[in-house]
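Please put together the full structure from these sequences, using the hints given.
Line by line, the protein sequences are chains A and B. If you count by my numbering, then the first sequence holds residues 1 to 294, one letter each, in order. If you count by my numbering, then the second sequence holds residues 1 to 304, one letter each, in order.
Treat the hints as calculated values from the structure; they're not laboratory data. Owing to the predicted nature of the structure, the values given are computational and were not obtained by experimental measurement. One or more hints might be untrue.
[Claimed, not checked] Ranges of calculated distance between the beta carbons of each label pair, as one might list FRET restraints: (1) A/LYS198 <-> B/GLN41: 52 to 60 angstroms; (2) A/TRP201 <-> B/SER98: 40 to 48 angstroms; (3) B/TRP162 <-> A/VAL26: 23 to 31 angstroms; (4) A/ARG149 <-> B/LEU146: 50 to 58 angstroms; (5) A/LYS117 <-> B/ALA195: 37 to 45 angstroms; (6) B/ILE297 <-> A/TYR150: 45 to 53 angstroms.
Think of the CB as a built atom: it goes at the ideal place given N, C-alpha and C, for glycine as much as any other residue.
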Amino acid sequence: MEKVKTPKTISRYSMNQQLKLLPGYVLLVTWVGFTTVVLTWVIAASLSTTGAIFKGNVFAFAEGIHPENYTRAWVSSNVSVFFVNSLLYAVVSCVLLILICAPYSYALQRFHFPGGKLIKTLLAATTGVPVIMVIIPLYMIIARMGLLRYEMSNRIVLIVLFVATKIPYTTIFLMAYFENISRSYEEAAAIDGCHPIKAFWKIVFPMVEGGVVTVTIFNFINIWNEYFLSLLFVNSDSLRPVALGLFSMINGMQYSGDWSGLFASVIIVFLPTFILYVFLSKKIVGGLTGGVKG
Amino acid sequence: MFMKRNRSMILAFVVPSTLLFLATFIYPIIRTIIMSFFSIQEITDSMGKWHFNGIKNYIDLLGNGLYRQSWVNLFKIFFIGGIITLGISLIMAVVLKSGIHGKGFFQAAIYLPNVISAVAMATMWIQYVFNSSYGLFTNLFRALHLDFLANIQWLDAGHKFWALLLSYCFGMIGHFMLIWVSGIERISPDYYEAASIDGASKVEQFLFITFPLLKGILRTNIIMWSISVSGFFIWSKLFSPISADTTTVVPMIYMYDKLFGAENVDKISRDAGSAAAIGVMLCLFIVIIFTLVNRCIKDDDLEF
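Listed below in structure tokens is the structure:
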């Protein structure tokens with residue numbers, strides 16, 4: 001898309017333009033300002049004391065800065081356990097999703113075979129199906145098999161569920177990227193005697209790297225923040241992911257009364273996706289605005 | 001020979017994934033629909049213990065006051081929240097595309113809540129913004145001498161729903177804003193140039209160019225909104241953590257209590273069959289919205 005830039009010489013004109021945009025600036029700055037105030041306050045509260053929070057002067061730090069809120073949250077409130085769990089679930093699921101969905105998406109996009117169209121339609125339709133439509137029978141089967149009784153099998157169940165529920169979205173997302181790659185690469189590889197499976201992983205797959213990275217960011221964020229599936233399928237405290245762990249902490253607040261520790265935990269849960277976002281927001285925003293059809 | 005090799009690749013790439021997809025989506029969906037016509041006391045009961053119930057699950061659910069209330073709340077979130085979210089996000093998108101400096105920054109900052117755990121987000125709202133003793137709203141409105149606003153107990157029964165709606169919409173706006181932006185970006189700048197030359201104001205340009213050309217995006221956004229709203233669960237759970245209450249209950253909360261039983265809610269009896277019926281009704285909700293939206297918002301012959 002070509003953009004016609006206004007020459008810099010008519011600066012009075014552009015001053016006027018910017019002045020007309022003032023209400024727009026006010027709206028955006030207020031909005032972002034609100035977010036900033038809330039975040040700053042929560043960070044201050046996480047370094048303050050429960051007493052100061054209730055007195056309403058977290059910024060005074062009258063009793064000094066308390067980074068030990070974080071160690072307390074990390075160690076005694078078990079946030080470290082939840083953190084490692086979420087990291088494990090998210091990383092393993094994301095890798096499996098790419099290993100399953102990249103070839104799947106490629107084959108569905110590239111080749112015509114009986115049932116291919118039907119599979120594509122079903123995949124697209126299920127992205128709109130509420131997750132409870134599939135969860136009740138799956139719970140029934142998994143619980144009857146006794147898979148929730150042991151830590152190891154319970155973990156595997158969670159990862160399989162995270163992967164399974166994201167297959168339609170990931171597969172469809174990647175199709176748009178395979179569409180843009182010329183067939184001549186595979187043809188050349190075939191002439192050289194390269195097996196199509198090898199040609200896919202060696203030649204085609206690296207070319208959709210952009211799509212793979214973007215969809216993995218989305219999957220990672222979604223699985224890191226996942227709540228509903230874990231609420232149903234996690235059978236022991238030591239298997240909880242961050243969202244569920246934080247929720248149980250909030251419920252225990254009235255007994256522990258450790259508000260500064262709670263805010264420290266909120267920040268610990270918030271940080272990984274936030275940092276990821278700070279570095280990758282261009283990709284995330286681009287991934288969302290690029291693939292939507294009206 | 002190429003064909004043969006391709007065939008083996010297609011088989012290897014498609015068959016296992018399709019089987020997994022069928023086992024985790026298609027089979028459970030069909031089974032959920034079947035279950036919704038049975039009475040199933042324990043979720044782990046074998047099929048032999050299911051009792052055929054016809055449409056009694058549906059009738060019983062609709063006869064229950066708390067369940068009906070959960071739909072009233074869902075529709076309130078869908079309509080009021082939808083107008084707020086889609087409206088404000090559209091305004092934001094238009095503002096962002098109007099030639100503002102720092103577009104990328106604002107876009108990213110407004111989208112931010114979408115990457116953060118809903119539990120963490122809701123905790124910030126509930127424990128800070130809405131808190132009645134040290135909260136942001138209380139302090140802000142007190143400083144502005146708006147005491148009637150400062151004195152609102154945001155988390156009491158009378159205001160909780162609105163607090164819930166406000167905080168939920170705040171997070172969702174960024175997502176829909178980006179979708180609107182992508183739509184506006186695809187409108188040719190020629191239209192605006194022509195309109196400016198003809199002396200059309202910004203508001204006129206919005207009403208007669210931008211909005212009509214965004215019909216397709218509006219349709220997508222309403223459908224996406226209905227999908228997000230139908231899965232409404234975690235925010236409700238955080239605003240009423242201990243037990244479902246009439247101001248914040250939604251069908252998913254009711255479904256969860258049906259599945260695992262709730263000790264203190266007005267006697268929700270455990271029944272997996274009726275939980276399945278709730279799932280089917282939520283699915284129908286999306287299908288109905290989808291059909292209505294496609295029927296009401298027709299594509300004109302406008303192409304851009």
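Against the structure, the hints:
1. A/LYS198 <-> B/GLN41: 52 to 60 angstroms: Given range 52 to 60 angstroms: holds, Cβ gap about 54 angstroms.
2. A/TRP201 <-> B/SER98: 40 to 48 angstroms: For A/TRP201 and B/SER98 the Cβ distance comes to about 46 angstroms; the hint holds.
3. B/TRP162 <-> A/VAL26: 23 to 31 angstroms: With Cβ atoms ~24 angstroms apart, the hint holds.
4. A/ARG149 <-> B/LEU146: 50 to 58 angstroms: Holds, since A/ARG149 and B/LEU146 (Cβ atoms, about 56 angstroms apart) stay within the stated range.
5. A/LYS117 <-> B/ALA195: 37 to 45 angstroms: holds (42 angstroms)
6. B/ILE297 <-> A/TYR150: 45 to 53 angstroms: holds (51 angstroms)
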